[in-house]
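A.B. asks: From first to last, the protein sequence lines are chains A and C.
If you use numbering that gives the first Met the number 0, the first sequence corresponds to residues 0 to 250, in order.
If you use numbering that gives the first Met the number 0, the second sequence corresponds to residues 0 to 226, in order.
Hints in this document: simulated from the structure, not taken from any laboratory.
Any given hint could be a false lead.
[As the list claims (entries may be wrong)] Dumping the calculated DSSO-like pairs for lysine-lysine here, alpha-carbon to alpha-carbon at most 30 Å:
{"#": "1", "chain 1": "A", "residue 1": "Lys71", "chain 2": "A", "residue 2": "Lys164"}
{"#": "2", "chain 1": "A", "residue 1": "Lys118", "chain 2": "C", "residue 2": "Lys223"}
{"#": "3", "chain 1": "A", "residue 1": "Lys100", "chain 2": "A", "residue 2": "Lys115"}
{"#": "4", "chain 1": "A", "residue 1": "Lys100", "chain 2": "C", "residue 2": "Lys220"}
{"#": "5", "chain 1": "A", "residue 1": "Lys140", "chain 2": "C", "residue 2": "Lys220"}
{"#": "6", "chain 1": "A", "residue 1": "Lys118", "chain 2": "C", "residue 2": "Lys87"}
{"#": "7", "chain 1": "A", "residue 1": "Lys140", "chain 2": "C", "residue 2": "Lys221"}
{"#": "8", "chain 1": "A", "residue 1": "Lys140", "chain 2": "C", "residue 2": "Lys217"}
As the structure is a computational prediction, the values presented were derived from the model and not from experiment.
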Amino acid sequence: MTIQASSDALVSLNGVNKHYGQLHVLKDINLQVKKGEVVVVIGPSGSGKSTLCRAINRLETIDTGEISIDGKKLPEEGKELAVLRADVGMVFQSFNLFAHKTILENVTLGPIKVKKLAKATADKDAMALLERVGVGQQAPKMPAQLSGGQQQRVAIARALAMKPKVMLFDEPTSALDPEMINEVLDVMVQLAKEGMTMIVVTHEMGFARKAADRVVFMADGQIVEDATPEEFFTNPQSTRAKDFLSKLLTH
Amino acid sequence: MSPQISAESDHSVNTLLNNSDLFITGFRNTLILFFISGFFALILGTVVAALRVSPIPAMRAAATLYINVVRNTPLTLVLFFFALGYPKLGLVEIDFMTAATIGLSLYTATYVAEAVRSGINTVPVGQAEAARAIGLPFTQTLTLVILPQAFRAVIPPMFSVFIALLKNTTVAAGFSVFEAGAIRSNLSERGEPAMAGLLWVALVFVLLVFILSFVQRKLEKKWKVAR
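Sequences and hints are given; from them, build the entire structure.
C.D. replies: Here's what the structure looks like:
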């Protein structure tokens, strides 16, 4: 069954293991994400969900197992890997906008240098993306002049500028002030509606309910549950998931 | 009393004016040495710093070896090698000026490399991860994202390296290069007072370093990276 599932999967992880020294952070992970699917990965901190997300574009290496994107196995470090990474958008917890470049330059750097687009074309596309995420006015500013929520929306635009096949979100709202979380989530929900394939590591249960096709629950480096949001939130199977959800609901 | 002093200072000014040819040629060669060596040291030093952070262990080892060997050798010995040792190898013949330029470049590059490397260390890891995530390969991640931020962070130590280079050029006087460090001995041959000559040389160096410091302040203001 897994073999069949993996054949039409856009992102496919098979038997992935990773250790940090003694610590076994990813234990035999199998996960298939189809085109257009929105998968939300949740779990207690230290469960390996961020590592899983970062392994998908090889910001973290894995010890054993196989990860493929659109049927292509992740290559070793080098030119080929760079080419593959261009197809995988990534949004980080700490935004990581290029501090020495303007907002517009942040978005156009990839298209100009990697996709070899003409500057005028890249600028035009970038402005359209910045407008779409609601920060068109900020184009000539430097990242430090923007609020966290605005910076994260620029980071999403920067990833989208590469026209990725899949978008990875590694706790995109965890570093934001509460009043800025929604402006970022709204952009993500919109993106999900437009059919983008997304893997989202988050603590935002509201987003999982609203936009996810599947919820993957991780604990201690393992995938414990893999269900629809409805099933997961109303009828969790494992004690770990029940425990996790009850802790969230007490406050 | 006072006429004597004025006579004395007149005499100093005369030392400068009557021998302006020596001062001009000397300092012209000093500036040539400085700019050419500085240019090559900046390029070589940046490449070596890049090698030191490369993912390939052999490259890191080569860069570390180069820095440790050359930086731990006194400049005089480095110049000795190029002025006196190198010709004995029977390779391409070079004049003393070229030898001094090569020696100063190789020596200064090790300091540039360490300054750049410390700059690279100030750039948050997330910057490189974001660059790799949009598909930039290692070289472009370094040249487009990391190094521009690293240079901005190390302007003060970098200028210290270049100020040191400017003054280090005088060591070349010991190897038959007529630059500012050789002005005094040439003045002595003309029977001019050595002390007056040295004071003028020192004054011009102070002026040149003052200009460098001015450029440094301008760049620091212009290139401030806000995080």
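A.B. asks: Next, verify each hint and record whether it holds.
C.D. replies: Hints, one by one, checked against the model:
1. A:Lys71 x A:Lys164: holds (13 Å)
2. A:Lys118 x C:Lys223: holds (26 Å)
3. A:Lys100 x A:Lys115: holds (18 Å)
4. A:Lys100 x C:Lys220: holds (16 Å)
5. A:Lys140 x C:Lys220: holds (17 Å)
6. A:Lys118 x C:Lys87: violated (54 Å)
7. A:Lys140 x C:Lys221: Judged against 30 Å, a Cα distance of about 15 Å means the pair holds.
8. A:Lys140 x C:Lys217: holds (21 Å)
Consistency note: the structure conflicts with earlier hint 6 alone.
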